[in-house]
Amino acid sequence: MRTLRRDRGFLVGAAIAVFMILVAATAPLLAAVAGQDYTTYHDNLLDSARGGVPLGGLGGISSEHWLGVEPGTGRDLFARVVYGAQVSLGVAVGATVLEVLIGLLVGTAAGLGGRWADAILTRFVDLVLALPILVIAISLLAIVPQDWPRPLLLATVIAVLGWGGTARITRGETLTLRTRDYVAAARLSGAGWFRIARREILPGLTAPVLTYAALLLPTNMIVEAGLSFLGVGVRTPTPSWGQMLSTATTWFRADPMYVLIPGGLLFLTLLSFVLVANGLRRALDPRQSEVLR
182 MRTLRRDRGF LVGAAIAVFM ILVAATAPLL AAVAGQDYTT YHDNLLDSAR GGVPLGGLGG
242 ISSEHWLGVE PGTGRDLFAR VVYGAQVSLG VAVGATVLEV LIGLLVGTAA GLGGRWADAI
302 LTRFVDLVLA LPILVIAISL LAIVPQDWPR PLLLATVIAV LGWGGTARIT RGETLTLRTR
362 DYVAAARLSG AGWFRIARRE ILPGLTAPVL TYAALLLPTN MIVEAGLSFL GVGVRTPTPS
422 WGQMLSTATT WFRADPMYVL IPGGLLFLTL LSFVLVANGL RRALDPRQSE VLR
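Numbering-wise, the working numbering comes out as the position in the sequence shown, counting from 1, plus 181.
None of these hints come from the bench; they were simulated from the model. Do not take every clue at face value.
What the hints assert, rightly or not - The following label-pair restraints were derived from C-beta to C-beta distances: (1) L369 <-> R189: 38 to 48 Å; (2) L286 <-> L465: 14 to 24 Å; (3) F200 <-> G353: 30 to 40 Å; (4) V325 <-> V199: 27 to 37 Å; (5) Y222 <-> F375: 52 to 62 Å; (6) L192 <-> T357: 27 to 37 Å; (7) A372 <-> R189: 40 to 50 Å; (8) A323 <-> M182: 44 to 54 Å; (9) T417 <-> G444: 10 to 20 Å; (10) G444 <-> A311: 25 to 35 Å; (11) M182 <-> D224: 49 to 59 Å; (12) A372 <-> R296: 18 to 28 Å; (13) L356 <-> L308: 12 to 22 Å; (14) R186 <-> A365: 29 to 39 Å.
Because the structure is a prediction, the values reported are computed rather than measured. Just so it is clear, CB atoms sit at the ideal spot from N, CA and C, and this is done for glycine as well.
Can you build the whole structure from these sequences, using the hints too?
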């Protein structure tokens with residue numbers, strides 16, 4: 182904690198990340214305070230002569246619409262941004278938790294198993310890592326019925342296709358930890374592999390897995406944004422930052438604010454989690470090189 186408190190990059194990243202998480206968690210309250218929701222159309226705020234561009238400067242920003250309105254529909258942009266943070270961060274967090282759980286289970290089993298178990302699980306992990314994740318995700322999401330909850334489906338697909346990196350890191354660390362004296366002492370005392378994994382191995386995996394999870398979260402945000410951008414992610418009217426950026430491709434000249442706001446927030450959130458990951462790496466494992474150079 183002393184190291185983290187002296188790390189300005191970590192503190193800045195953590196402050197931004199906590200702020201974004203609070204915005205996502207309190208999205209309904211923030212939208213209620215603004216007196217808006219993300220589904221109501223405001224046609225009177227659009228310039229029909231220009232194809233639906235918001236009236237006024239900076240995308241129609243006013244005392245009633247704090248970030249302006251969405252071109253073409255007139256929906257309040259502030260409400261859509263805060264609810265979009267809820268979806269984007271929710272999918273990323275859910276996918277990261279699932280990836281870490283699956284990766285820990287498979288990686289620990291490979292590291293503590295025998296030669297054949299290690300060989301089979303390692304080849305399986307290599308196969309998962311070799312899969313074209315984006316292509317498979319697009320195919321799966323395109324054929325799933327529309328009535329399935331898309332955020333939950335997105336998190337599950339991203340996690341099932343992306344846990345290989347966590348498993349490989351976990352296996353490597355487990356192979357190192359199992360050679361330590363305290364693990365040998367536990368085996369000589371009669372402890373089984375399950376107890377050794379729970380009591381001796383998992384505490385040693387905390388630092389590398391926590392650091393990798395902090396880097397996985399922004400990666401999963403990029404994947405969700407990319408899938409929504411391609412039209413197979415979250416479906417309208419449910420907002421997400423990637424979906425908003427996809428819509429903004431037709432409006433970036435007439436209404437630059439509609440691109441800058443969700444794009445800037447996505448960039449800022451990704452940067453904050455990368456700074457947090459760097460800070461955790463420096464504090465928990467100073468011998469390792471930084472995640473980001």
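Y222 and F375, beta-carbon distance inside 52 to 62 Å? holds (57 Å)
A range of 27 to 37 Å was offered for this pair. Does it hold for the Cβ distance of L192 and T357? holds (31 Å)
Evaluate the given range 18 to 28 Å for the C-beta pair formed by A372 and R296. Given a distance of about 21 Å, which is inside 18 to 28 Å, the answer is holds.
Should the hint that F200 and G353 are 30 to 40 Å apart at their CB atoms be regarded as holding? Between F200 and G353, where Cβ atoms are some 35 Å apart, the hint holds.
Verdict for M182, D224 (Cβ pair) under range 49 to 59 Å: About 53 Å separates the Cβ atoms of M182 and D224, which means 49 to 59 Å holds.
Does the Cβ pair L356, L308 satisfy 12 to 22 Å? For L356 and L308 the Cβ distance comes to about 20 Å; the hint holds.
Holds or violated: 38 to 48 Å for the Cβ distance of L369 and R189? holds (47 Å)
Confirm or reject the claim that A323 and M182 have a C-beta distance inside 44 to 54 Å. holds (46 Å)
With 40 to 50 Å as the target window, see if A372 and R189 comply at their CB atoms. The hint (40 to 50 Å, Cβ to Cβ) holds, given that A372 and R189 are roughly 43 Å apart.
Consistency of beta-carbon spacing, G444 to T417, with hint 10 to 20 Å: holds (18 Å)
Is it true that the C-beta distance of L286 to L465 lies inside 14 to 24 Å, as the hint says? Holds, at about 22 Å.
Assessment of proposed distance window 29 to 39 Å (beta carbons of R186, A365): holds (37 Å)
Violated hints are absent here; each numbered hint is respected by the structure.
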